[in-house]
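Enquirer: Chains as they are written, first to last, in the numbering used here: chain A, 4 to 282; chain B, 4 to 282; chain C, 4 to 282; chain D, 4 to 282.
Among the hints, erroneous ones may be present.
The list treats identical chains as one, so a pair stands whether inside a single copy or across any two.
SDA-like, lysine to any residue: derived pairs with alpha carbons at most 25 Å apart [said to hold, decoys possible]:
1) 183 x 137
2) 220 x 21
3) 183 x 53
4) 220 x 152
Rather than coming from a laboratory, the hints here were simulated on the basis of the structure.
Protein chains: 4
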Amino acid sequence: MATTARTTDRLLDAVQAGVTIYDLGRPLTVGMPQSPNHPPFGLTLPRRHGDMVRADGGSAANDLLVMGTHVGTHVDALAHVSHNGRLHGGVDAAAAQVGGRFEELGVHTVAPMIRRGVLLDVPAALGEESCPPGYEITPADLDATVCRQQTPVGPGNVVLIRSGWGRLFDDEDRTRYVGKDSGVPGIGADGATWLAERRVHAAGADTIAFECLPPGKGHSVLPAHRILLVDHGIYLIETLALEEVARDRVYEFTFLMVPLPLFGATGSPVRPLAVVSRD
Amino acid sequence: MATTARTTDRLLDAVQAGVTIYDLGRPLTVGMPQSPNHPPFGLTLPRRHGDMVRADGGSAANDLLVMGTHVGTHVDALAHVSHNGRLHGGVDAAAAQVGGRFEELGVHTVAPMIRRGVLLDVPAALGEESCPPGYEITPADLDATVCRQQTPVGPGNVVLIRSGWGRLFDDEDRTRYVGKDSGVPGIGADGATWLAERRVHAAGADTIAFECLPPGKGHSVLPAHRILLVDHGIYLIETLALEEVARDRVYEFTFLMVPLPLFGATGSPVRPLAVVSRD
Amino acid sequence: MATTARTTDRLLDAVQAGVTIYDLGRPLTVGMPQSPNHPPFGLTLPRRHGDMVRADGGSAANDLLVMGTHVGTHVDALAHVSHNGRLHGGVDAAAAQVGGRFEELGVHTVAPMIRRGVLLDVPAALGEESCPPGYEITPADLDATVCRQQTPVGPGNVVLIRSGWGRLFDDEDRTRYVGKDSGVPGIGADGATWLAERRVHAAGADTIAFECLPPGKGHSVLPAHRILLVDHGIYLIETLALEEVARDRVYEFTFLMVPLPLFGATGSPVRPLAVVSRD
Amino acid sequence: MATTARTTDRLLDAVQAGVTIYDLGRPLTVGMPQSPNHPPFGLTLPRRHGDMVRADGGSAANDLLVMGTHVGTHVDALAHVSHNGRLHGGVDAAAAQVGGRFEELGVHTVAPMIRRGVLLDVPAALGEESCPPGYEITPADLDATVCRQQTPVGPGNVVLIRSGWGRLFDDEDRTRYVGKDSGVPGIGADGATWLAERRVHAAGADTIAFECLPPGKGHSVLPAHRILLVDHGIYLIETLALEEVARDRVYEFTFLMVPLPLFGATGSPVRPLAVVSRD
């Protein structure tokens, strides 16, 4: 039997007709750039092959993983940020975290995403390779990008904003991508409002903090987090790998992302995909 | 703008026409049943709301995650198991693990899976609610199941074998699902050969160990792991939640699974999905 | 030069004249009995010899330690327990823990202990090998023990109460020492008051919970913790190894214990010593 | 009863006559300077007061500790370093670490130390506040220091070498103490031989790496580790706090150090003490 035979399922037919998968997740490696605000990524082998060999010659190696949930490519659950003591929907933050986990608004409540995704390649619209350090991407920049690409953004979409900063992820100097001194480009309050008005489901960026960080200020205020997570219940995805989709000008795609069901957590590492049908 | 407008992408059209998503991953909670061979699942909030409030009234909570990679629903990379000192393809296990990570055959080399998936509901074919403890599912059982369901299994497919044991996952007695004393149902060497002959891409089960565990013997020998991982390079997925797809008789679907790109690890927690087009 | 020459320091002279050291700490091993209320003990080698060899042939192995601070032999800081929202001295528990660490009353505030220590071998006084499971050691038992041993207890002393339960620490069935179903012997509210009246500095036991646990009740109420930690600021030491000192009838000694200065923590693993001059 | 009454134990009498304790351990805090070669120090509260309140109003908070064993003030076990595949005594390093722990030469084999300790205040002898960055302390420097202090060093002693570098531990710039670019002062191969010839039991320093690090070279070769740990079985203690003992000119004392009995580990965090009788 040919397993690529036409089935009665439209989705499966589309999959079996052939798809191209773009990996939007960064590899998780010890020593990779990450925010100093979160527990660092660690991975080690407690058991190696040969430590314990079974009677039949078999042996198994295994891992211990230690990490914050906001390191590497990750999604922010709505429990992550509060404003004046309130989470999204007016939930009392202090009460919600009793027990050391968020039964409400934790990352286990984030449904898997299989949705229309749109890449907004901002520097391409600005005629640059990358937005400068600390540059605030404006609503006008977003409009210009949509216009150039002919990819309108609508309700329920997942919008990924490329600043070009992601090219520094693999820089030898691991502090460059974090950008504490230089600042990092991204949207600010106005860009967040632009996204909220379009009622997107989630928004992502190729930077650690998603939003614009002015030089030397770090994470002192994060207005886009407040507007998107707290005010509008829009999920944020950070540290995305967007260079490859941008290079191939894949601006519209099926966006796939499945957060781990970490019960009560404020975020989850993810490996999102952009998937398109092959010609 | 209607974002569900017909696009030029067949896959995105199928997605936007409506899909039903079945979650095949177990929630990750402190205290859930897991194999004692792996570091236990832990999750805690180092920072809670109110610990550090920004000038504008904003506050962020975050997590620390500590876990083995073979706990909860997870995938085994080919680096996980060796036989007589060799990994799949004859790779020398001792050499491959120098440095404390598997550059070859680590879980970062497992490509995201968007493939035809087949659920084999074995107890349904046997006329039972669940296979008995320690029962070895035979090739004849698998053939009978395929026949009853009319879902042939072919090259590149992902095959999920339901034993019914997954109904114990939420049992109050957390040791029942692990089944050390009782044994656990699953395929043995013969069932593994059946899968390998069909050249499947990956195989999963609703149990911790994937394969049949005789009563009281634990993981003393694991022939299916050897045949599938080492001999044939077929990935294994364990601790799947298969009750819901079985209940709805969804035997064929688009299987989605995206392992975390944990560089050099022997496995990864995953949250696989079975997706079907809505009528 | 003889380094054991008489110095001008009385303490050093006593040390150099010869001392016998009793180790009162349990080895910390993966899988040892511990309370299920605390993160389990884990230890692994991220780097092994040969993973990275220096130019000169040198190589270093190292460890990753993951554990609760109330596992193995450990001391409870005053921050560990609150009653009606108050820590010792009326400190507001909710306020004290903001920031995720106890600047006040954390284990870093526990000074190293070099003090008179007294072992109270209760079963020896009762004419038994061990107190029965769930037995509450009474003030009369403590008085009888002091009397038999001729070791009065006074202000500033460290008092170690042997119940004999510690002989189960190495039992093959790792659940016996924890004693959830059987109960565990120890003092109750009355015994705690007896200790508090004598103004001891710290009190210890050869059990996980220090105090009497009735069968099947687990840690549902812990009156001795309240009386000692909260009401009187007396430190508790748990999971002590007291069999050897008891065997040698060493009832009075120099007690040495140096908690790790874990800033803000509620406890610390320790390896206390009983030291006596050699004849 | 006066508990300070003269007992029949010489050591306890000396203790009860009054002692002054110098704390030679650094507080363990998140973000403190540490070697990038080891898993970073992390500490968090999984349970806070109020998360779970017992019927009687009681509540307990607890911790999760995640750390390398060579961070903060710590001792190196003999298992830590190998040379040409051999540990101290010719033990085969590869064989010794099978199972992921060192049954031989692990830190659980390091006996508690209650010994004569000698502080060698090298910069005081050199007429400086601190040795310069990258300065190699020579045998002549050590001799001059012993001579100035009139504190000969002999078999079984613990020798603590002050370079003055420890004053940078609390520097705002957390990279200064690590000293990767600047280099760090300490002994080299010759100083290690000087110590080995005197058959000391252990040697310590106020720096992370114990020995001299030339500017920019990091830990590329560590000859003193080889000579002391591998060739002579002499333990090393790093990141000591020596400013206070130096200030008070306490050059000879009872040295107390009790490593945690971490079964099979290559090192342990410690909090060593220098103790002297009060006048």
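Enquirer: Give the relationship of residue 220 and residue 152 under a CA distance limit of 25 Å: within one copy only, between copies only, both, or neither.
Expert: Neither. Shortest intra-copy (33 Å) and inter-copy (50 Å) distances fail the 25 Å Cα cut-off.
Enquirer: As a check of your reading, is residue 220 near residue 21 (CA-CA no more than 25 Å) within one copy, between copies, both or neither?
Expert: neither (46 Å within a copy, 44 Å between copies)
Enquirer: For residue 183 and residue 137, with the copy left unspecified, which applies at a CA distance of at most 25 Å: within, between, both, or neither?
Expert: Intra 10 Å, inter 29 Å, cutoff 25 Å: intra-copy only.
Enquirer: I want to check one pair: residue 183 and residue 53. Are their C-alpha atoms no more than 25 Å apart within a copy, between two copies, both, or neither?
Expert: Close across copies (24 Å), not inside one copy (44 Å); limit 25 Å.
Figure legend: structure checked against the earlier numbered hints; hints not met, in rising order: 2 and 4.
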